[in-house]
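> Residues per chain are reported as follows:
2 protein chains.
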Amino acid sequence: MKLYDLELSGNCYKIRLFLSLLDINYELVTVDFMAGQHKSPEFLQLNPLGEIPILEDDGLVLRDSQAILVYLAKKHGGETWLPSDPAGMAQVTQWLSTAANEIARGPADARRNQKFGFAVNLEAAQQKAESIIKTIEQHLIPYKWLALGRPTIADIACFPYIALAPEGGVSLDKYPAINQWCDRLKKLPNFIEMPGITAN
Amino acid sequence: MKLYDLELSGNCYKIRLFLSLLDINYELVTVDFMAGQHKSPEFLQLNPLGEIPILEDDGLVLRDSQAILVYLAKKHGGETWLPSDPAGMAQVTQWLSTAANEIARGPADARRNQKFGFAVNLEAAQQKAESIIKTIEQHLIPYKWLALGRPTIADIACFPYIALAPEGGVSLDKYPAINQWCDRLKKLPNFIEMPGITAN
Numbered sequence: 001m002k003l004y005d006l007e008l009s010g011n012c013y014k015i016r017l018f019l020s021l022l023d024i025n026y027e028l029v030t031v032d033f034m035a036g037q038h039k040s041p042e043f044l045q046l047n048p049l050g051e052i053p054i055l056e057d058d059g060l061v062l063r064d065s066q067a068i069l070v071y072l073a074k075k076h077g078g079e080t081w082l083p084s085d086p087a088g089m090a091q092v093t094q095w096l097s098t099a100a101n102e103i104a105r106g107p108a109d110a111r112r113n114q115k116f117g118f119a120v121n122l123e124a125a126q127q128k129a130e131s132i133i134k135t136i137e138q139h140l141i142p143y144k145w146l147a148l149g150r151p152t153i154a155d156i157a158c159f160p161y162i163a164l165a166p167e168g169g170v171s172l173d174k175y176p177a178i179n180q181w182c183d184r185l186k187k188l189p190n191f192i193e194m195p196g197i198t199a200n
Numbered sequence: 001m002k003l004y005d006l007e008l009s010g011n012c013y014k015i016r017l018f019l020s021l022l023d024i025n026y027e028l029v030t031v032d033f034m035a036g037q038h039k040s041p042e043f044l045q046l047n048p049l050g051e052i053p054i055l056e057d058d059g060l061v062l063r064d065s066q067a068i069l070v071y072l073a074k075k076h077g078g079e080t081w082l083p084s085d086p087a088g089m090a091q092v093t094q095w096l097s098t099a100a101n102e103i104a105r106g107p108a109d110a111r112r113n114q115k116f117g118f119a120v121n122l123e124a125a126q127q128k129a130e131s132i133i134k135t136i137e138q139h140l141i142p143y144k145w146l147a148l149g150r151p152t153i154a155d156i157a158c159f160p161y162i163a164l165a166p167e168g169g170v171s172l173d174k175y176p177a178i179n180q181w182c183d184r185l186k187k188l189p190n191f192i193e194m195p196g197i198t199a200n
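In order, the protein sequence lines correspond to chains A and B. Quick note: the first sequence uses full-length UniProt numbering, first residue 1, plus one each step. Quick note: the second sequence uses full-length UniProt numbering, first residue 1, plus one each step.
Simulated from the structure, these hints should not be mistaken for laboratory data. Hints may be right or wrong, so weigh each one.
The list cannot tell twin chains apart, which means a pair is met if one copy fits it or any two copies do.
[As the list claims (entries may be wrong)] In silico DSS-like pairs for lysine-lysine, Cα to Cα no more than 30 Å straight-line: (1) 39 - 186; (2) 144 - 75; (3) 39 - 174; (4) 75 - 115; (5) 174 - 2.
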């Protein structure tokens with residue numbers, strides 16, 4: 001199994017984190033993002049969208065961090081991280097969409113601007129970040145995890161860019177339930193760090 | 001089964017279309033979008049994100065059109081629309097993320113501005129629309145369907161806002177493979193229309 005990776009990408013970190021939680025060995029291929037390697041013809045053959053992470057496994061090439069989480073959960077996680085009953089699977093999928101939409105447009109976009117200088121409407125991204133973070137805070141007040149009362153790939157998909165929100169100028173100080181949820185994630189066996197996310 | 005719905009929403013149409021293809025009866029509840037009913041306290045109890053569609057079934061309340069497609073495919077579609085093997089499920093999920101991210105930010109946002117007057121950076125949305133439509137066009141030149149060589153919820157998730165792109169000022173005239181794919185979808189048994197998408 002081969003992961004095309006960038007250390008500072010929250011989407012790549014999702015996959016590194018989940019592979020570590022699953023205790024799976026893999027080959028890490030660092031993509032030279034600054035040199036635009038992800039937009040090279042060879043790379044666009046792997047992912048026409050020109051984005052990382054990409055996972056290669058047994059001849060299968062997968063783009064998109066949420067799809068890779070689904071693949072790894074189904075292949076190596078049994079029923080734990082993504083159950084196969086319709087209601088359970090759909091409740092987890094709700095949060096995969098939140099990661100791909102509201103979290104991408106909010107805290108992830110704000111960080112892309114503030115940390116990497118990408119052209120982004122910073123004010124709009126920070127407003128969207130505040131909005132989704134407030135919604136998740138309310139959701140987490142009665143619950144320990146995003147879905148099904150246990151850690152699932154819903155948590156893995158949403159955690160990185162929520163935890164990295166301060167790098168986009170969005171403070172998490174006002175959100176105790178989110179901070180406790182992050183602490184819970186950091187206590188999972190085999191949790192790993194990335195720059196900006198430390199294991200307390 | 002109860003669907004909270006808005007006729008002009010491409011995300012709601014996804015669900016109406018899929019329920020029709022599956023030949024499932026359900027109750028339609030029209031949400032008064034113009035009066036802001038989706039942001040009312042009662043509605044925010046159903047979906048804290050204040051968006052439609054929402055599906056209620058057997059006491060389960062689901063938000064997010066992609067999650068609802070997953071639920072219906074698993075509950076009523078056997079292995080056809082969303083297979084349970086890791087590779088197949090992940091290949092479909094790639095396109096659910098594309099619907100939630102690139103298509104939402106591109107053609108859907110451009111239409112929200114042009115048809116409904118929402119504050120959107122129109123130029124950026126139209127550029128993103130062109131980019132993802134070009135990528136999907138290239139993908140569809142050798143393939144008839146987005147994933148697995150057959151119709152899946154990948155197609156249902158991506159179809160509405162691609163087909164509605166002209167309502168956001170993005171022409172599909174230059175994309176023959178996309179037009180043929182739309183025609184293929186329109187020939188599925190029990191296909192239904194929505195304003196802006198006619199069955200040829």
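> Look at each hint and say if it fits the structure.
Hints and how they fare:
Taking identical chains as interchangeable, the C-alpha atoms of residue 39 and residue 186 are never at most 30 Å apart, the minima being 33 Å within one chain and 34 Å between chains. Taking the shortest Cα distances, residue 144 and residue 75 sit within 30 Å of each other both inside one copy (25 Å) and across copies (27 Å). For the homomeric pair residue 39 and residue 174, the shortest alpha-carbon distance between copies (24 Å) is at most 30 Å, but the shortest distance inside one copy (39 Å) is not. Neither within a single protomer nor between protomers do residue 75 and residue 115 lie at most 30 Å apart by alpha-carbon distance, with minima of 35 Å and 43 Å respectively.
Taking CA atoms no more than 30 Å apart as the test, residue 174 paired with residue 2 passes in neither setting, with 39 Å inside one copy and 37 Å between copies.
Of the numbered hints given earlier, the model fails hints 1, 4 and 5; all others are met.
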